Each structure stands twice: as C-alpha cells, then as structure tokens.
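Asks: Letter by letter, the chains look like this.
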Amino acid sequence: MAFDYAPAPESRSVVDIAPSYGLFIDGEFREAADGKVFKTVSPANEEVLSEVADAGEADVDAAVRAARRAFASWSALPGAERGKYLFRIARILQERSRELAVLETLDNGKPIRETRDADLPLVAAHFFYHAGWADKLSHAGYGPAPQPLGVAGQIIPWNFPLLMLAWKIAPALATGNTVVLKPAETTPLSALFFADVCRQAGLPRGVVNILTGHGAAGAALVAHPDVNKVAFTGSTAVGKQIARTVAGTDKKLTLELGGKGANIVFDDAPIDQAVEGIVNGIFFNQGQVCCAGSRLLVQESIQDELLDSLKRRLGTLRIGDPLDKNTDIGAINSAEQLARITALAETGEAEGATRWSPECELPGSGYWFAPTLFTGVSQAHTVARDEIFGPVLSVLTFRTPDEAVAKANNTPYGLSAGIWTEKGSRILAMANRLRAGVVWANTFNKFDPTSPFGGYKESGFGREGGRHGLEAYLDV
Amino acid sequence: MPPVTTTATAGTAALADATASDAALRRYLHGLPGVDAVGLEARAATLGTRSIKTTSKAYAIDLAISMIDLTTLEGADTAGKVRSLCAKGAHPDPTDRETPSVAAICVYPDMAGIAAEAVRGTGIKVASVATAFPAGRAALPVKLADTRDAVAAGADEVDMVIDRGAFLSGHYLQVFEEIRAVKEACAREKGEDARLKVIFETGELSTYDNIRRVSWLAMMAGADFIKTSTGKVAVNATPANTLLLMEAVRDYRAATGTQIGVKPAGGIRTSKDAIKYLVMVNETLGEDWLSGRWFRFGASSLLNDLLMQRQKLRTGRYSGPDYVTVD
Amino acid sequence: MSESAAKKKSAGTSGPGGTGKPGKSGKTGRPGKTAVKSADSAGRSGAAAVAGAEQGASGGAPRLSVLKTYKLFVGGKFPRSESGRVYEVTDSKGGWLANAPLSSRKDARDAVSAARKAFGGWSGATAYNRGQVLYRVAEMLEGRREQFAAEVADAEGRTPAAAAAQVDAAIDRWVWYAGWSDKVAQIAGSANPVAGPYFNLSTPEPTGVVAVLAPQESSLLGLVSVVAPAIATGNTVVVVTSERSPLPALSLAEVLATSDVPGGVVNVLSGRAAELGPPLASHQDVNAIDLAGAQGELAVELEIAAADNLKRVRRPAPVDWTADPGTDRMLGFLETKTVWHPTGALGAAGSAY
Numbered sequence: 002m003a004f005d006y007a008p009a010p011e012s013r014s015v016v017d018i019a020p021s022y023g024l025f026i027d028g029e030f031r032e033a034a035d036g037k038v039f040k041t042v043s044p045a046n047e048e049v050l051s052e053v054a055d056a057g058e059a060d061v062d063a064a065v066r067a068a069r070r071a072f073a074s075w076s077a078l079p080g081a082e083r084g085k086y087l088f089r090i091a092r093i094l095q096e097r098s099r100e101l102a103v104l105e106t107l108d109n110g111k112p113i114r115e116t117r118d119a120d121l122p123l124v125a126a127h128f129f130y131h132a133g134w135a136d137k138l139s140h141a142g143y144g145p146a147p148q149p150l151g152v153a154g155q156i157i158p159w160n161f162p163l164l165m166l167a168w169k170i171a172p173a174l175a176t177g178n179t180v181v182l183k184p185a186e187t188t189p190l191s192a193l194f195f196a197d198v199c200r201q202a203g204l205p206r207g208v209v210n211i212l213t214g215h216g217a218a219g220a221a222l223v224a225h226p227d228v229n230k231v232a233f234t235g236s237t238a239v240g241k242q243i244a245r246t247v248a249g250t251d252k253k254l255t256l257e258l259g260g261k262g263a264n265i266v267f268d269d270a271p272i273d274q275a276v277e278g279i280v281n282g283i284f285f286n287q288g289q290v291c292c293a294g295s296r297l298l299v300q301e302s303i304q305d306e307l308l309d310s311l312k313r314r315l316g317t318l319r320i321g322d323p324l325d326k327n328t329d330i331g332a333i334n335s336a337e338q339l340a341r342i343t344a345l346a347e348t349g350e351a352e353g354a355t356r357w358s359p360e361c362e363l364p365g366s367g368y369w370f371a372p373t374l375f376t377g378v379s380q381a382h383t384v385a386r387d388e389i390f391g392p393v394l395s396v397l398t399f400r401t402p403d404e405a406v407a408k409a410n411n412t413p414y415g416l417s418a419g420i421w422t423e424k425g426s427r428i429l430a431m432a433n434r435l436r437a438g439v440v441w442a443n444t445f446n447k448f449d450p451t452s453p454f455g456g457y458k459e460s461g462f463g464r465e466g467g468r469h470g471l472e473a474y475l476d477v
Numbered sequence: 002m003p004p005v006t007t008t009a010t011a012g013t014a015a016l017a018d019a020t021a022s023d024a025a026l027r028r029y030l031h032g033l034p035g036v037d038a039v040g041l042e043a044r045a046a047t048l049g050t051r052s053i054k055t056t057s058k059a060y061a062i063d064l065a066i067s068m069i070d071l072t073t074l075e076g077a078d079t080a081g082k083v084r085s086l087c088a089k090g091a092h093p094d095p096t097d098r099e100t101p102s103v104a105a106i107c108v109y110p111d112m113a114g115i116a117a118e119a120v121r122g123t124g125i126k127v128a129s130v131a132t133a134f135p136a137g138r139a140a141l142p143v144k145l146a147d148t149r150d151a152v153a154a155g156a157d158e159v160d161m162v163i164d165r166g167a168f169l170s171g172h173y174l175q176v177f178e179e180i181r182a183v184k185e186a187c188a189r190e191k192g193e194d195a196r197l198k199v200i201f202e203t204g205e206l207s208t209y210d211n212i213r214r215v216s217w218l219a220m221m222a223g224a225d226f227i228k229t230s231t232g233k234v235a236v237n238a239t240p241a242n243t244l245l246l247m248e249a250v251r252d253y254r255a256a257t258g259t260q261i262g263v264k265p266a267g268g269i270r271t272s273k274d275a276i277k278y279l280v281m282v283n284e285t286l287g288e289d290w291l292s293g294r295w296f297r298f299g300a301s302s303l304l305n306d307l308l309m310q311r312q313k314l315r316t317g318r319y320s321g322p323d324y325v326t327v328d
Numbered sequence: 002m003s004e005s006a007a008k009k010k011s012a013g014t015s016g017p018g019g020t021g022k023p024g025k026s027g028k029t030g031r032p033g034k035t036a037v038k039s040a041d042s043a044g045r046s047g048a049a050a051v052a053g054a055e056q057g058a059s060g061g062a063p064r065l066s067v068l069k070t071y072k073l074f075v076g077g078k079f080p081r082s083e084s085g086r087v088y089e090v091t092d093s094k095g096g097w098l099a100n101a102p103l104s105s106r107k108d109a110r111d112a113v114s115a116a117r118k119a120f121g122g123w124s125g126a127t128a129y130n131r132g133q134v135l136y137r138v139a140e141m142l143e144g145r146r147e148q149f150a151a152e153v154a155d156a157e158g159r160t161p162a163a164a165a166a167q168v169d170a171a172i173d174r175w176v177w178y179a180g181w182s183d184k185v186a187q188i189a190g191s192a193n194p195v196a197g198p199y200f201n202l203s204t205p206e207p208t209g210v211v212a213v214l215a216p217q218e219s220s221l222l223g224l225v226s227v228v229a230p231a232i233a234t235g236n237t238v239v240v241v242t243s244e245r246s247p248l249p250a251l252s253l254a255e256v257l258a259t260s261d262v263p264g265g266v267v268n269v270l271s272g273r274a275a276e277l278g279p280p281l282a283s284h285q286d287v288n289a290i291d292l293a294g295a296q297g298e299l300a301v302e303l304e305i306a307a308a309d310n311l312k313r314v315r316r317p318a319p320v321d322w323t324a325d326p327g328t329d330r331m332l333g334f335l336e337t338k339t340v341w342h343p344t345g346a347l348g349a350a351g352s353a354y
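Chains as they are written, first to last, in our numbering: chain P, 2 to 477; chain A, 2 to 328; chain Y, 2 to 354.
Note that these hints are calculated values from the structure, not bench results.
Everything hinted at is true.
In silico DSS-like pairs for lysine-lysine, Cα to Cα no more than 25 Å straight-line:
#1 P:K326 - A:K273
#2 P:K326 - A:K58
#3 P:K447 - P:K326
#4 P:K326 - A:K54
Just so you know, these numbers come straight off a predicted model, no measurement behind them.
Starting from the given sequences, assemble the full structure and let the hints guide the process.
Replies: Have a look at this one:
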C-alpha cells in the first residue's frame with residue numbers, strides 16, 4: 002500500500018460569510034447608490050460565496066468625501082495614537098488569522114497552506130511594522146516633520162487580496178493619510194472582513210473605506226479630483242493607463258506592476274535548494290505572482306540534470322482542494338485568468354516550445370491548470386516575453402554569466418530575479434548587474450514588511466515596505 | 002548531485018576512478034553540489050507541515066513501527082534487559098496482536114548472540130553496533146574484530162561508526178578504506194552477509210556539505226545503509242540532516258542503480274516526528290524506500306508513543322503510559 | 002537663413018520659440034556682437050542685418066574677433082544638428098549672439114543612444130570616481146569663470162555681478178553633488194531586519210537614461226542643478242537646454258568634455274522643448290524624464306507620453322535655483338534594489354536544533 006494522504010480539509014466553520022455585503026463607507030456598510038451588486042465565487046468549485054455591492058461613481062465620490070472628512074482629525078492625531086490603532090489591527094488580524102486564511106482560500110482559490118503560512122502572517126506583520134513608524138516619521142529621513150498627502154486611492158489585485166491590502170493600507174494610515182481602497186472584483190471578501198477588523202479596532206469612521214466593484218470604479222477613484230495619492234498594484238497595461246490619467250495633476254503615484262523574472266541557476270548551484278527555489282518561484286500561488294520566477298535560466302552544462310530533478314519534484318506537487326492542508330497547488334483565480342493562461346500556453350506550443358506537465362488529475366469543476374514546463378524556449382518565444390501569471394515555467398539556457406545577465410535583463414520588466422550559485426563573488430556581481438528591484442540569491446519569493454519591494458522599468462515605480470515605502474505616502 | 006548517467010555501470014566506473022587516490026576522492030567529494038542550509042532546513046520544515054490524518058495516519062503508524070530498530074545501548078544492559086526488549090519488539094502491544102513487530106533489535110556486540118536467540122523465528126533482525134561504538138576511537142584491527150565478533154554472534158546488521166577525526170582532517174581515503182574493511186568483515190561464509198549501516202555522527206561533522214560528502218563516501222565504500230548518528234551526542238537525527246541523507250541515496254541510485262537505506266537515529270520520540278520522517282521518505286524517495294528494508298528509525302522511546310497513538314486511532318480514546326509496556 | 006531670424010520679421014525681438022519651418026543654415030562666416038556687418042562677406046543678410054544694426058561697429062582698425070560655432074554635445078563629440086538647422090540666439094534686448102543648432106528628433110535619438118551606451122560604464126564606475134569627475138567639472142568651470150559670467154550676463158540680461166554669482170553658484174553646485182556621489186547609498190540604502198535567516202540589503206541604483214528639459218529661465222545654474230544630481234548617482238543624461246538661452250549650456254559641454262566626463266554621460270541638445278520633448282518622452286529606451294523646463298500643456302502631454310514605458314516623471318514646479326538644492330533631485334532618479342541571501346547556520350548543529 003502506498004502512502005496516500007487522506008483528505009485533511011481545514012474547517013470551513015471558522016468563517017461565517019454573509020449572503021450579501023455592502024460598501025464600507027464612512028464606517029458603515031451601505032448599498033451601492035444605484036443598487037448594483039455582483040456575485041463572488043469560489044474558483045475551486047464555482048460555488049457562489051456571496052453577493053457584494055458594485056460601486057459606481059457616486060459611491061466613489063461618497064467614499065472620497067468620507068475619507069477627506071476623516072483626514073483632518075486622523076492626520077492631526079499624535080503619531081503614537083495612530084500607531085496604537087495599527088497595533089490593535091495587527092493583533093486582531095493575528096487573532097482572526099485562521100478565519101481570514103480560510104476566507105481568503107475560499108475566495109481566491111489558493112491553498113490554505115499558503116494563506117495560513119504566508120499571507121496571514123505577513124498581513125499582521127505589515128500592520129505591526131508600520132504601526133511602529135507612526136510616531137517615528139521624523140526619523141525616517143524625510144525631514145523633521147514629514148506631512149501626509151491626504152486621501153489615498155488604492156487599487157489592489159486578486160492574487161494576494163489581504164496582503165496587498167495590508168501593503169497599501171498600513172503605510173498609508175501610519176503616515177496619517179486616509180484611504181479609499183478597491184479590492185479586485187474576483188476577491189472582494191477579505192477586504193470587507195478587514196472593514197470589520199477596523200470596526201473592532203475602533204478605527205475612526207472614514208479613515209478606511211472599502212469599495213468593492215469593477216474597473217470602472219477603480220478608474221473613477223483614480224480620476225477623482227480630491228484624491229491626493231494613487232497606489233496601484235496590477236497589470237502593466239492598466240498601470241500605464243493610470244499614469245496617463247494622473248498626468249498633469251498633483252497626485253502622487255506609485256505602481257507595482259507585472260514582471261517576467263529570471264531565475265538563474267549556475268552549474269555550481271546548491272541543486273536541491275535551487276529546485277525548491279524554482280518550484281517556489283513559479284508555483285507559489287499558482288504562479289499568479291508579479292515577481293514570479295517565470296523564466297528559468299539554467300547553465301547549459303547542468304540543464305539535463307536540473308530538469309530531471311525539477312520534473313521529479315513536480316511529480317510530487319499535490320493539486321486539488323485548496324482547503325486541504327496538503328494541497329500545494331490550488332485553483333486559478335478566475336475563468337478569465339484561466340483562459341489567458343491557456344491561450345499563452347497554446348501559443349508556446351504553437352511557437353515550437355516543448356510542453357511538459359506531471360501526471361495529475363484536475364478537479365472537474367472550478368478553474369484549474371496543471372503545473373507546466375516549457376523547454377527549448379528562446380527569448381523570442383512569447384512564453385519568454387509575456388507575463389503569463391500562471392503556473393507555467395519557461396526554461397532557457399545560458400553559457401556564461403554575461404549571457405545570463407543579458408538574457409535576464411532583456412525584458413521591459415524589472416521586478417525580480419533569482420541567482421543560484423555557491424560562489425559569493427558571483428552572487429554579488431550578478432546582483433549588481435541585474436536590473437530588477439528584488440534580487441533573491443539562493444532563495445526566492447521571500448517577503449518581509451521591512452524589505453522594500455518594487456520594480457524597475459515597466460514593472461512600475463515606488464517601493465512598498467521598509468523605510469523606503471513610507472515615501473509613497475509622504476509629501477516629500 | 003553528479004550527472005545522472007544512463008547506465009548504472011558508467012556511474013559505477015566513474016565512482017571507481019574517484020576512489021583511486023586521496024586527492025581524487027577529495028576532488029570528487031568537493032565537486033558535489035553544495036548545500037544551502039536555510040533552504041534545506043526550510044524544505045524539511047515544509048514537509049513537516051503535511052497533515053496526516055485518519056487512514057493515512059493508521060498506515061503511517063504501523064509502517065513506522067515496522068521500521069524501528071528497537072535499541073538498547075546502555076552500559077547497564079543485561080541479557081534480561083535484551084530479552085525483554087526482543088519480546089516487546091515481536092509483540093509491541095499485548096492488547097492488540099495485529100500490531101506489527103519492529104524491524105530489528107539493536108544492541109552492543111556482546112549482546113548480539115542473546116538477541117539472536119531471543120528473536121529467532123520472529124523475522125526480527127538483530128543489529129549490532131560495532132567498531133568501538135560510539136566514539137570509534139580504536140585501532141582498525143580492534144574495530145574489525147569487534148565487527149567479526151558481532152557477525153559471528155548472529156548479527157544480521159552491523160551499525161558501524163566512521164572515524165570522524167579522520168574525516169574532519171581530510172583523510173577521506175582512510176575513512177573510505179576503513180568502511181570497506183568493515184564491510185568485508187560483515188561477510189559470512191554461509192548465509193547472508195550482515196548488512197552494513199554506516200553511522201556518520203552528523204552532529205560532529207557539523208556542516209551540511211560534510212554530511213553530503215560523507216554520505217557519498219560511505220555509499221561508494223559499500224554501505225548498505227547510511228545513518229545519521231549514534232544517539233550519544235548532543236545533536237542527533239534532525240529532519241534536515243536526514244533529508245540530506247535521503248537526497249544522497251536518491252541521487253546515488255540514479256547514478257549507479259544501487260539502492261541504499263537510510264536510518265535517522267536519536268531524538269525521534271513522538272509519532273508526530275516519525276510521521277514527518279515518513280512524509281520525507283514518501284516525497285523525496287518514494288514508495289521504493291517505504292519499508293523496513295530501506296528505512297529505519299533508531300529509537301528506544303518512540304515505540305510506546307506510536308503504540309499509544311495506535312490505540313487512540315483504534316478506540317477513539319486518548320491512551321496513557323500505563324496502557325503500553327515498559328521494557 | 003536661420004529660422005528665428007526669419008520669424009523675427011513677424012514676431013519682433015521676442016526671441017526664439019516660433020514654429021516656422023526652418024530654412025537652410027549658413028555654412029560660412031557669421032557676425033558677432035563686436036563684428037562689423039560688412040566684415041561678414043558671405044552674405045547671410047537676414048541675421049547679419051539684425052545683429053549688425055543692434056550691435057554697431059568698433060572703431061579704428063579693429064581686430065576681427067574669432068567667433069565660436071556653437072554645436073551640440075553628443076557621445077562626447079560636438080556635432081552639428083543632423084538636420085542642418087540653426088536658430089538665432091539673442092540677448093535679452095534682442096541683440097544677436099549666435100546661431101545655435103536647432104536639434105531634431107533624430108538628434109534626440111542619437112543622444113539617447115549615446116547616453117545608453119555610456120550608462121554601463123558610468124553607473125558601474127566607483128562612486129569615488131564619479132565624485133572626482135564631478136569635482137573636476139567644478140575645477141574646469143572655475144577656470145573659465147569669466148567666460149561663463151559674460152555668457153550668462155548676455156543670456157539672462159543680468160548685471161556682471163549677478164551673472165558672476167550665478168556662475169559661482171553653478172560651480173559650487175558641482176562641488177555639492179561631487180561630494181554626494183559616495184554618500185547617497187548611505188542615506189538612501191538600508192539594511193533590513195527581516196524576520197528570518199536572511200541578509201537583506203537595499204541599495205539605490207541609477208534609473209538609467211534620464212531626459213532633462215532644463216529650466217528655461219536659468220540657463221547655466223538651472224541646467225547644472227538638474228544635470229549634476231542625475232549624473233552624480235550614475236545616470237546618464239540627455240539635456241535639452243533653455244530654448245531661449247542655450248549658449249551657456251553649449252559652452253558647458255566644452256567644460257564637460259575636458260573634465261574626464263566620459264562621452265555620452267551628458268548629451269546637450271539645443272532647440273525647441275516642444276519639438277524635442279515628445280520624442281524623448283515617448284522614447285522606449287529613456288527611463289526617466291525631468292520636465293523642469295516644460296510648461297503648461299506641453300508638460301501634461303509629455304507626462305502622458307512618458308507613461309508608454311512608465312518613465313519616472315518629475316513634474317515641473319517653481320524652483321529657486323539659488324537656494325540650497327537638498328537631495329530630492331538626486332534621490333528622484335534612483336531605483337531601490339533589494340537583495341536577499343540566506344544567512345543560515347555555520348554548521349548543521351545551528352538554527353534547526
């Protein structure tokens with residue numbers, strides 16, 4: 002008898018999802034002005050989880066006005082008091098982390114192992130970290146009394162719904178801004194639960210406003226004349242549109258956009274750890290990660306050996322019910338995203354790259370895509386250039402460090418890169434020459450609130466996290 | 002790992018070249034891929050988060066019991082103590098005769114004969130430590146005599162310790178040849194040779210790079226099993242160093258076609274720990290290693306915890322120490 | 002005939018800035034402020050007539066001065082505009098000063114290529130080296146202080162003392178940024194105490210090729226104030242000079258060329274912001290744009306164009322160029338790179354046990 006793991010589902014009963022939710026404006030939930038709603042489903046089985054309000058322009062205006070009203074007193078609070086609200090939020094998030102992890106897994110489709118071990122701990126850590134900054138801003142290197150900007154309009158993606166919320170809201174509040182945040186339309190629930198965390202923390206009304214809705218609501222938020230700061234995480238195409246919208250205004254803008262990260266493996270790499278890093282780099286969160294290591298650059302001399310190891314490892318990945326504690330690969334977030342991944346993978350095949358996936362059974366309902374490798378890929382292939390945002394790894398080779406750098410940098414993006422070698426000086430030389438905002442050497446996809454994150458070139462501008470991240474929300 | 006060759010013989014031939022001289026062996030071992038400590042430990046920890054419940058837990062518990070080298074290695078060991086351990090190994094839970102027996106009884110060489118007598122007919126193996134266990138600080142003839150003595154007394158398996166001093170001072174060929182000599186001493190004119198388990202005392206070798214190197218050295222020298230530790234030092238088996246041994250046997254089989262067993266020893270006391278190791282075996286080595294022939298736990302107190310967990314699964318009640326035997 | 006000379010007939014003496022189609026540039030002698038009209042034997046009557054009329058003649062048996070041909074500075078060389086165009090540059094009273102190259106889109110393209118080519122070497126140079134090069138610029142400028150004072154006085158209509166003060170401030174600005182090159186990583190970088198066994202360091206790196214529309218009203222000090230901070234950190238620059246007063250900037254190029262500044266690190270284009278701004282703002286190989294010298298609708302248009310490849314944009318804002326420059330222009334064209342590496346334990350008996 003083989004060692005099969007029996008189902009080990011995390012209990013759904015820790016989370017109580019209401020049949021419908023309103024917009025969170027000025028400390029209260031309310032329906033959209035025009036009464037519109039939309040459904041949010043679990044991507045793992047297409048079950049409808051809830052119905053949420055669909056914000057329109059009038060709601061955006063109401064939320065911005067609420068945030069503006071709240072700004073005067075919030076920004077005037079002593080930093081220490083603002084900080085204490087954030088500490089409260091951090092603690093409540095820790096207390097409710099199981100509930101929120103299950104909720105996030107239901108709404109997003111990512112494995113509970115990740116929401117439990119990565120998303121939620123980082124969410125709480127972000128608030129805890131920024132809480133401490135609130136009364137120390139004069140020490141942050143932005144002058145003796147750096148001032149907040151005002152109302153921040155924030156738009157976040159669906160890949161890390163609550164974590165991206167934390168990345169946006171924690172620094173904004175710590176620096177004295179008020180917030181109108183729009184979560185992605187496929188993952189609205191955790192932001193609404195966060196509204197309840199704010200209520201429990203006693204956060205003054207209007208300081209945080211949550212607008213669930215679609216792209217039009219986001220566009221209205223960006224264009225609203227009384228928004229002082231726009232922060233966006235999402236696709237490069239939308240990021241460019243936002244940059245055009247705010248052109249000629251006084252709005253401060255930060256963008257965290259796409260990537261096509263190169264994960265570079267030298268022949269003297271710690272191979273077993275490199276294989277884990279490659280897997281973590283592209284299959285973490287089903288590859289729906291802007292900083293994913295979606296291009297594997299492997300030194301030609303170890304290509305066969307590395308690919309054998311990698312394929313063997315992919316054979317052990319467990320795909321299925323995201324709530325099962327042993328699931329490694331969950332569902333793709335939406336039908337739309339699945340279609341995009343599918344189309345790009347088909348393009349890869351059509352262009353002559355060799356496609357491989359481990360044997361795996363995909364569930365019958367929901368949105369699923371098997372872990373996929375493309376070998377024989379060159380820089381000219383679409384799968385080496387376009388961000389796929391899915392569990393698809395393109396494997397390219399190089400012969401020399403110079404060639405590795407040239408290929409790694411040969412992209413309009415510049416978000417992340419990985420280096421695997423046991424030679425210290427080579428790590429430093431490579432890290433120097435890679436044009437990417439985050440370089441992981443002998444590791445990959447590590448995040449921390451103290452560590453600035455953000456891209457070069459078309460991966461956007463501004464940093465999130467660390468002392469650097471504060472600048473985005475200060476008038477400097 | 003070295004390149005995976007298409008034919009096992011090519012791999013074996015390459016390894017033969019590698020042991021032609023001390024310098025060649027050093028070059029070979031130092032050419033093995035390095036180990037990143039944080040990455041290795043992270044991988045071991047992640048495998049430790051698997052949730053093994055219900056039927057798979059029952060399977061894992063029985064499997065773990067059947068992989069135990071039930072051990073007594075005390076200065077105060079007596080024939081009586083060894084016999085009662087053998088009885089326990091054969092029928093670990095008197096309340097449930099379905100309970101599998103352990104893989105082996107592990108004793109000092111002077112107790113090997115007594116153990117062999119006691120386990121006759123049960124299918125349980127007798128393992129004897131040898132080569133001046135646990136320090137290994139004796140002359141080679143003494144170590145070989147120690148080994149032959151154990152084999153002659155009926156040991157099915159010999160758990161030798163390597164000369165860590167020689168390894169740490171870079172005398173790799175000396176360590177290699179010592180293992181070879183002990184392997185020869187495991188031979189029997191009639192019947193099966195004793196299987197050789199080579200103990201590294203990973204806690205003393207200190208670095209993961211050393212542990213990978215010594216694993217390859219031992220396998221090339223003829224080890225049938227590689228084993229983390231004696232259980233007699235501060236740091237014994239850990240998930241990370243055992244995972245590293247597993248990676249070595251996995252790669253060695255890919256290179257040579259020869260399958261080698263793995264035995265973590267020391268410090269594994271709970272069912273939860275044991276199951277974590279089995280998950281590591283399952284996901285690193287696969288089914289081929291999921292039996293007492295290829296994977297062992299060197300443990301003394303683990304068995305009772307497995308038995309209590311087994312009773313809990315069977316009855317639905319939590320058990321207590323008074324419901325398992327003290328031997 | 003130069004473009005602005007032609008335009009002046011309809012627009013009076015308000016200086017360049019017209020949109021008329023450029024004519025052919027003169028290739029021969031050119032009149033200067035101390036030159037007699039008749040000495041310019043080669044004709045070119047339009048410009049000469051204006052200049053001559055306003056500047057008058059010297060008496061006696063004048064030594065004919067040698068005039069300077071103002072050229073662009075691209076890739077360390079001094080080319081004319083590939084378009085062959087020039088425009089007339091006048092002093093604050095409308096008097097002819099010189100003909101400046103009227104750069105074209107292609108000149109902008111060439112300048113970007115040169116800046117890109119120079120980026121690897123300049124950004125890869127040690128900060129100490131860059132600091133010394135910038136200091137060398139200050140030294141060279143100091144040596145030509147009188148010349149620049151005269152040029153700034155002409156260009157901006159300042160008194161000799163006020164113009165000299167501008168030059169002094171410009172020299173001191175180079176010194177200020179020279180000293181910053183090897184300190185900026187210490188104020189803009191950080192060691193980040195992540196919650197795990199990792200070494201984590203953030204360091205600033207230059208953004209890349211920065212297009213700069215230099216301030217319109219401060220021909221030397223303003224330009225130095227926007228170029229020096231960009232290159233101090235390792236960026237390379239394509240700068241479009243003040244449209245109306247390009248001469249101090251074009252002369253500064255001569256200083257740069259003799260100050261160990263590698264070719265291509267600073268590329269100087271004279272011409273129309275409205276003509277050169279759009280190709281620079283939309284250029285896919287430009288990483289950032291400083292709109293200091295762009296105004297009104299042009300600034301908005303350029304910011305929109307810059308979004309095509311997500312250039313870092315510095316919007317125009319009123320600046321007192323004589324004030325303490327601070328660090329924000331330097332910090333604005335930097336990227337933060339964060340590098341992670343496992344620290345781990347020295348031995349297998351470390352953190353895991």
